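**Q** Sequence:
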Amino acid sequence: MRFFESVNIDFIGNRYKFFAISGLLLLLTVGAFIYRGGLNYGIDFTGGILMRISFQNEVELQDVRTAVEVGGINSFELQSSGNLIMIRAKKDLESQEEFESLVKNSIQLRFPDNPVKIEGIEYVYPTVSEYLSKQTVYAFLFAFLAMIVYVAFRFKSGLWGIVSVMGIIHDIVISLGFVILANKEINITAVAALLTVAGYSINDTIVLFDRTKENLKLLAKEDFVEVINNSINEVLVRTIVTSLTVFIVACSLFFFGGEVMHTFAYIMIIGTVLGVFSTIFVCAPLVCEWRIRRSKRLETVVKHGDVRSK
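Just so you know, the sequence shown maps onto residues 1 to 310 in this note's numbering.
Note that these hints are calculated values from the structure, not bench results.
Careful, some of the hints might be misleading.
Heads up, simulated DSS-like pairs for lysine-lysine below, C-alpha to C-alpha not over 25 Å straight-line [to be verified]: (1) LYS184 with LYS134; (2) LYS17 with LYS296; (3) LYS156 with LYS213; (4) LYS296 with LYS156; (5) LYS296 with LYS217; (6) LYS90 with LYS117; (7) LYS156 with LYS117; (8) LYS221 with LYS156; (9) LYS221 with LYS296; (10) LYS213 with LYS296.
All of these numbers come straight from a predicted model, not from anything done at the bench.
Based on the sequences and whatever the hints tell you, model everything.
**A** Spelled out as structure tokens, the structure:
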């Protein structure tokens with residue numbers, strides 16, 4: 001930690017390099033979107049079938065996955081609880097009986113000595129999926145608006161609120177890019193992870209802006225760019241340590257949390273790194289960039305005014 005305390009990195013002076021990295025990541029996201037043909041929506045948004053089955057004896061989840069794949073079903077999720085297993089699959093609802101037959105027959109072939117029972121089947125219809133899609137959009141819009149208002153009132157600057165939300169959008173969009181690259185499904189769990197990333201990212205940004213606000217009062221005569229740069233260096237240790245703890249927990253969920261938590265943990269791992277990146281290398285430099293450009297415009301106006309007066 002003493003190393004970080006003695007570090008004084010010129011983050012703002014190198015802002016265009018970081019903007020370029022951010023731009024490349026956004027281009028990568030666009031490329032992934034085009035290459036994959038869009039997002040891979042799960043049953044929550046497309047409609048499908050949720051089947052619950054139980055075995056007389058406990059089985060390995062990977063063996064069940066293999067059996068279902070052999071049955072000709074490719075897009076599905078598994079969740080287990082003891083001998084009970086839930087299969088969530090995107091499937092044409094006109095072939096419900098065919099789906100049930102495929103799953104049951106393929107599993108019976110795989111486990112001939114372990115009787116299987118279908119406990120129940122639920123259907124997610126397109127109308128329900130459309131409702132969930134709309135609610136998801138509303139959730140993000142409400143979150144963005146609330147964050148803009150909160151930060152604007154907290155720091156008495158609409159600019160800081162807008163920049164904070166720009167950082168969140170930056171993190172969510174690029175996180176989606178990595179989700180697309182990994183060909184993971186976008187389901188309710190993924191949406192929850194993205195909202196968690198948004199909350200984590202805004203918290204990180206608020207901490208930096210709060211320190212900047214304090215330093216602007218203490219160092220009123222100092223250059224604004226210098227104050228921002230010093231503020232970033234001061235919260236650097238806190239940001240790295242906090243992010244590292246979240247990153248370790250997310251990695252633990254990814255490797256040991258099972259298939260259900262896999263997508264959530266994956267997004268959290270990516271989002272944690274992006275949250276640090278956007279706070280230090282995007283949000284703060286954007287505020288500085290706006291202040292620098294505004295100062296230049298004011299100088300130009302003053303110069304033109306002096307010329308006209310002469």
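**Q** Each of the hints needs a verdict: does it hold here or not?
**A** Outcome of the hint check:
As the CA atoms of LYS184 and LYS134 are separated by approximately 21 Å, the hinted pair is consistent with the 25 Å bound. This hinted pair checks out: LYS17 and LYS296 have alpha carbons roughly 21 Å apart, not beyond 25 Å. Simply put, LYS156 and LYS213 have alpha-carbon atoms about 10 Å apart, close enough for the 25 Å limit, and the pair holds. Among the hinted pairs, LYS296 with LYS156 is consistent with the structure: their alpha-carbon atoms are about 23 Å apart, no more than 25 Å.
Taking the CA atoms of LYS296 and LYS217, the gap is near 23 Å; set against the 25 Å cutoff, the hint holds. Pair hint LYS90 plus LYS117 holds up; C-alpha atoms about 21 Å apart against a cutoff of 25 Å. With a CA separation close to 62 Å, the supplied pair LYS156 and LYS117 exceeds the 25 Å bound. Distance check on the hinted pair: LYS221 and LYS156 sit about 20 Å apart at the alpha-carbon level, within 25 Å; holds.
As the CA atoms of LYS221 and LYS296 are separated by approximately 19 Å, the hinted pair is consistent with the 25 Å bound. About 22 Å separates the Cα atoms of LYS213 and LYS296, which keeps this hinted pair within 25 Å; it holds.
Hint compliance for this structure: hint 7 alone is broken.
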